[in-house]
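Protein chains in written order, with the working numbering: chain A, 10 to 378; chain B, 10 to 378.
Keep in mind that a hint or two might mislead.
Copies of the same chain are indistinguishable here, so a pair counts whether it falls within one copy or spans any two.
Said to hold, decoys possible - 27 Å max Cα-Cα, derived DSSO-like pairs, lysine-lysine:
#1 39 x 245
#2 51 x 294
#3 350 x 46
#4 130 x 39
#5 350 x 297
#6 25 x 169
Hints were generated in silico from the structure; no laboratory data involved.
Number of protein chains: 2
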Amino acid sequence: MRKVGIAASGLTKFTKEDISIESLMISSIKPIFDNTKNLTQKDIDVVLTSTNSNEKYLANIISELAGISPKTAHSVESLCNSGTNCIVSAFSYISSGLADVALVVGAEKSDSPGLVLDWDKSRGQYKHPIYWSSLFTSSHMRKYGTTMEDLAYVSTKNHKNALDNPYSCFDRSYSLEEVMSSKNLTDNIRLLDCSMPCNGSASILLASEEVIRNFTDEPIWLSGIGQKSISAGFTKNSELSSMQSTSSAASDAYLMSHTLPSDIDMAEVHDAFSICEIMALESLKLVKPGGGAVFVKELYETNNKKINPRGGLIGTGHPLGATGIAQTIETYQQLQGEAGKRQVEKAKTALVHNMSAAATSSTVLILKS
Amino acid sequence: MRKVGIAASGLTKFTKEDISIESLMISSIKPIFDNTKNLTQKDIDVVLTSTNSNEKYLANIISELAGISPKTAHSVESLCNSGTNCIVSAFSYISSGLADVALVVGAEKSDSPGLVLDWDKSRGQYKHPIYWSSLFTSSHMRKYGTTMEDLAYVSTKNHKNALDNPYSCFDRSYSLEEVMSSKNLTDNIRLLDCSMPCNGSASILLASEEVIRNFTDEPIWLSGIGQKSISAGFTKNSELSSMQSTSSAASDAYLMSHTLPSDIDMAEVHDAFSICEIMALESLKLVKPGGGAVFVKELYETNNKKINPRGGLIGTGHPLGATGIAQTIETYQQLQGEAGKRQVEKAKTALVHNMSAAATSSTVLILKS
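Make a model of the complete structure from these sequences and hints.
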């Protein structure tokens, strides 16, 4: 299998300001062209757009606006997991030899049609994501004794980390007490346990081993990939206190990259809600089952930025189609040693966890410097 | 590059009857499971859906409904060219080694939001596809002396071919006179020169060389792939009497498969409008520039089914996201010698041409038995 690496990246500031999807995308592509030596539009073989927007032909529109005439151009959609689906697809075009350079562009608006999965009629009026996250929370509490305070540590930590992320939608920290006294949305989900939709875009440039050094002296390699879709509605989950699709995707990613969970120096995990970070850490085998909450508390108390240094979805905002790409960009910057105040020391191996709809599907990527 | 072949296919009858996108998709998947020896849901690594529908998470929904828990599942959209984009993406997952078996499922409804490209404001009220096809027609007439009668031969031939296609939406032939006297939509586009949107689905199963013989004794190989996106709005075309994206995609596909245009035994070309078949034949180098009309007339008069034996988009109907897959299924059946009354004798090498929006992007596939 041909090696594929990341050569460059670009982000917009995540915002509540109303900006068109095309403008968002072009704004995150621009720094890639501005900052990448030798890169011209002619180098780009593939343009993939990641979004839940209903706009059609978007990859071709963005290509035209950016002056690119790629071979392949299309949009990829898989709800919140669109971004890493797009990255894996770009990987496969390059790895197969069909392409050498691919531009992956994700963006979403805060009123995205991907916020609620209309299809799942079985949930009746309870189709908003807070309801599955509430069931996840109840189940995890029952099995492991997780508390409302444990959940608050996730939000407090991630909001604090986001203070060092110039692209975050939010710029204030919250005390444990503030999180715990924020508005109750269900009997165990508070407003500050939720990630919030926002407008934002993230772009990444992937290239083959053969050409990547034309564009960067420090490529970061996509060394492991795992994906799994269990279902679309979460009623097929075998249980609700762990993430089956995440475990399966992680196993495949660790195997492909010859990496153990103990090798992971830092990770971006999909904290759509506080409980998701705790469950993801366990399902990724970064901690033992039931060990997520204690680990998060320890990270917070020791100011250890190993998990979600950019602030996660809760601290930064969640523009659906951009999220998986923004997560991957954080690991890219960390492995390059370019993460500024967020830098995790000596990070050589990183993990990205991106998922959709009650962890019915997950992607896990492992990156190495 | 690892070889990838087609192992099975399924179609629904194209129809004006209102059927949900999920039901359409499941109906075209069913014959694949019914007719493929040894195939179980567990064999499928990748499920990609091709549609312009606004429904989200469709690849995961269809996977759940079909009892499949794939690794990778997402939707692909690139207007009328979505189907072959999906096939090429599936090819790359398999060819790269990330997957062994991929199910590609395309479907569309006749009221698809992909019928008109809202983005192209430069065309004002003239954004319906009949207007670009009318400009193509004027331009080709000016350059090559193409006549209204020449156009009528395309529609008459394709409607006649469709009579032998049990999955066609339409089941009657039209004389040259009937086509020529059908309603004028612009000064050079008549109603019967247009393909019509309809409801329909087409699915195809791709597999790696290593595993394909578990499922079929007669795989058909995807030996050449070419894709090109020039723009999203057709005002970037260098001229309007040929298809620049098609020429570029065809060159790459011929090169990859070590095939010459003269080796092509039969082809499915994207006759969204009559003029498109004539222009595509020329841009694919199956005839010389300006030679398309005479060639089509000759095919009709000699009852030669070499081009669009299933009836093309005009004869069969055009369910956008399914079209490229249905075209590919026709070449698959032809190369297997299983095309019944439509069979082109001794077909060993076939070509698929699928495009979007005024040929602003094209895919060309070359298949071999």
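Violated constraints from the hint list, given by number and in increasing order
Checked against the structure, the only hint that fails is number 5, while the rest are satisfied.
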